[in-house]
Each structure stands twice: as C-alpha cells, then as structure tokens.
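**Q** Below are the chains, spelled out letter by letter.
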Amino acid sequence: DTAVSQTPKYLVTQMGNDKSIKCEQNLGHDTMYWYKQDSKKFLKIMFSYNNKELIINETVPNRFSPKSPDKAHLNLHINSLELGDSAVYFCASSQARDAPEETQYFGPGTRLLVL
Amino acid sequence: AQTVTQSQPEMSVQEAETVTLSCTYDTSESNYYLFWYKQPPSRQMILVIRQEAYKQQNATENRFSVNFQKAAKSFSLKISDSQLGDTAMYFCAVNTNAGKSTFGDGTTLTVKP
Numbered sequence: 002d003t004a005v006s007q008t009p010k011y012l013v014t015q016m017g018n019d020k021s022i023k024c025e026q027n028l029g030h031d032t033m034y035w036y037k038q039d040s041k042k043f044l045k046i047m048f049s050y051n052n053k054e055l056i057i058n059e060t061v062p063n064r065f066s067p068k069s070p071d072k073a074h075l076n077l078h079i080n081s082l083e084l085g086d087s088a089v090y091f092c093a094s095s096q097a098r099d100a101p102e103e104t105q106y107f108g109p110g111t112r113l114l115v116l
Numbered sequence: 002a003q004t005v006t007q008s009q010p011e012m013s014v015q016e017a018e019t020v021t022l023s024c025t026y027d028t029s030e031s032n033y034y035l036f037w038y039k040q041p042p043s044r045q046m047i048l049v050i051r052q053e054a055y056k057q058q059n060a061t062e063n064r065f066s067v068n069f070q071k072a073a074k075s076f077s078l079k080i081s082d083s084q085l086g087d088t089a090m091y092f093c094a095v096n097t098n099a100g101k102s103t104f105g106d107g108t109t110l111t112v113k114p
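Those protein sequences? They're chains E and S, same order as listed. Just add 1 to the spot in the first sequence (first one is 1) and you have my numbering. Just add 1 to the spot in the second sequence (first one is 1) and you have my numbering.
Bound-form chain S, shown alone:
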C-alpha cells in the first residue's frame, strides 16, 4: 500500500518570510513522481511543483522549491517570500506507474500580513 503523511495540519507564516511544509511517503514502486498541489479557498486544486524520483536535483518553480530526500522518503515544500495569495491548503501526492495517486491529508497554510 502507498501512503503519504503530512504531519502539520496547520501552519502560518508572516508575509515575505519563508515556510517549509513537510511530507513523507512510502511506496514499493521504483518509478514514481511526487507532487505538491495547492487548493486555495476558492477550492480548485492546482499543481505547484513536481519531482521525479530518479532525479537527485531538487525541483524549483519560482518561489517554490522542494527538498527531496529519497532515502528518507521525504519531500518537503519550501515557499520563499510568502505572499498572501499563498494562503491555501497544500497536498503532497505520489503517483506511480500503476496509475494510482495517493494524497496526504493536507496542510492548511495561512500567510499573515
């Protein structure tokens, strides 16, 4: 069975500061991808960033970057220069070749002015 654990149900950060959301996972598959999705209060889920398990280099998308530690099965998301629009629920997910996606329980991030 595939599992994804987000140990921080809620977090907050001051505008312009940096915050890290944690995620650990477990899968028996050798080929998989890891994703962070964002669900703003308007509810529609959108992709933030993704990482291929075979790549050691951490993915980066503007202010968003990941710290992928494959041996530890850890995939944390760092948000730099936090903005009010980053307020949302963030989901970590793992996709495997079997076509199955498993999502974590989410972390609600509040960016404070």
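Excised from the complex, chain E in its bound form:
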C-alpha cells in the first residue's frame, strides 16, 4: 500500500564514507524528486527526474549523484560524506512534469547523520 517508500529510514555513518538512499514509488508517476531538509526544517529541492531523465539539478555538490534505473525508482548516492550532509532526505513523486496542478507525494524521509 505504501505509495512512496525510502530505505533506509535512518543512516548513521562516518565522514568520508559513501552511502546510498533508495526510493521507490508505486503510483505510476512519471516524475520523482529528491529534497533535503536541514536542521532548521528548510526544505530544498535537489533533483528532479522525469521518466528517468534529469530535469532539475539545483546547486548541489557533485558528490551527490542521483540515478533512476526506471521511472519508479530514484536513488541518491552520496560520495565522501561531510558533516554538513546531515539532514533528512525526502523523496517525492508526481504524476507529470509539466503539470503544475499535480500534488507531490512524499516518502517518509531518510534521516542521515554524519559523524
């Protein structure tokens, strides 16, 4: 029944490590997103994919690399983790790209803590 799922829910790791977060949606949506929510709860878009194609790439360090093997999955790989990467990362999806009326459906978030 889960619409947008993310794994893992919690991730604690050392500085310098490489980690991945996975996202899957079973809504049949074409567009998926990654957001970062920092300690002040500010929500910023990082990436957006439409049908496996990257369409939005905000100013994000190139240590972050999204990968979309198919339109139902959007994974986020982070290289050389830094303390400032500690945040909650949300995956979301929406029906179509050029449809401003579309609601985004969010996953439960992955809380990343870099030590």
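Simulated from the structure, these hints should not be mistaken for laboratory data. All values derive from a computational prediction rather than experimental measurement. You may find that some hints are simply not true.
Claimed, not checked - Restricting the straight-line Cα-Cα distance to at most 20 angstroms, the calculated cross-link-like pairs of lysine to aspartate or glutamate (EDC-like) are: (1) E:K41 - S:D106; (2) S:K101 - E:E83; (3) S:K101 - E:D19; (4) S:K56 - E:E54; (5) E:K68 - E:E25; (6) S:K71 - E:E102; (7) E:K45 - S:D27; (8) E:K42 - S:D106.
Fit chain S to the given chain E structure using the hints.
**A** Structure of chain S alone, referenced to chain E:
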C-alpha cells in the same frame, strides 16, 4: 527566480480556535498552482489544500481554507476549529509549468489543549 516566504516561523493556537498562516510568493509564470503541505511530527509530508492561480474562488477542504489574493501574491491558510492533530509544520509551495516546486521555510504550528 521563484520565491515563497512564510513570515511566521512558529505559531500556536488553542484547541477549537481559528488560526491563519501567512504565505507570500513571487513567480514570473502565468500558470501556476499553490499548495499547502503539512508535515506532522511523524515527518511524512501530506497535501492539505491547493489552489489554481486562475481561479478566484478560494479553495476549501473541510476545516481548511485559503485566502488567495493574486494581486498581492498572498496565499494564507486558515484552520478553523483547530484540533490537536493539526500540530505540525506547514509548508506553502508554488508549482509552475516548468515542473519546478518552490517551498517556503515552513511554519511550525502548535495546537494547545
């Protein structure tokens, strides 16, 4: 560039009372939608209400309604008969045809018994 401003970082309201959360935005697009999302302490973000920019009539969903002032680029959320379950962080967002969503910085609402 698209911006969304929520000027109230925190608000509180007594149970059963009414509260209004403010939001102003700026976009150069002519076709856009405005959203209010709710993020309860359990963290998952869910839609509260949305408004099409072309519609003058304010959207309403049960106890939630908006006051959309297009000329002023204002989109406030009114919660009537506040309930304890309304305690959450509320985000205002604007979506445009370019497929871009911009979120405000959020307002933390606490409903007090």
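**Q** Are the Cα positions of K41 (chain E) and D106 (chain S) separated by 20 angstroms at most?
**A** Holds - the C-alpha atoms of D106 (chain S) and K41 (chain E) are around 9 angstroms apart, at most 20 angstroms.
**Q** Taken at face value, is the distance from the CA of E102 (chain E) to the CA of K71 (chain S) at most 20 angstroms?
**A** With Cα atoms ~17 angstroms apart, K71 (chain S) and E102 (chain E) stay inside 20 angstroms; holds.
**Q** Mind checking the alpha carbons of K56 (chain S) and E54 (chain E) for me, to see if they're no more than 20 angstroms apart?
**A** violated, 32 angstroms
**Q** Holds or violated: K101 (chain S) with D19 (chain E), Cα cutoff 20 angstroms?
**A** Outside the cut-off at roughly 28 angstroms; violated.
**Q** If you draw a straight line from the CA of K101 (chain S) to the CA of E83 (chain E), is it 20 angstroms or shorter?
**A** The given pair, whose Cα atoms are some 27 angstroms apart, is violated under the 20 angstroms limit.
**Q** Just to be careful, I want the Cα atoms of K68 (chain E) and E25 (chain E) compared with a cutoff of 20 angstroms; is the pair within it?
**A** Holds. K68 (chain E) to E25 (chain E) sits at ~12 angstroms (cutoff 20 angstroms).
**Q** Taken at face value, is the distance from the CA of D27 (chain S) to the CA of K45 (chain E) at most 20 angstroms?
**A** OK: K45 (chain E) and D27 (chain S) at ~17 angstroms, within 20 angstroms.
**Q** Verify the proposed pairing of K42 (chain E) with D106 (chain S), using a straight-line Cα cut of 20 angstroms.
**A** holds, 7 angstroms
This entry does not satisfy hints 2, 3 and 4, going by the numbered hints stated previously.
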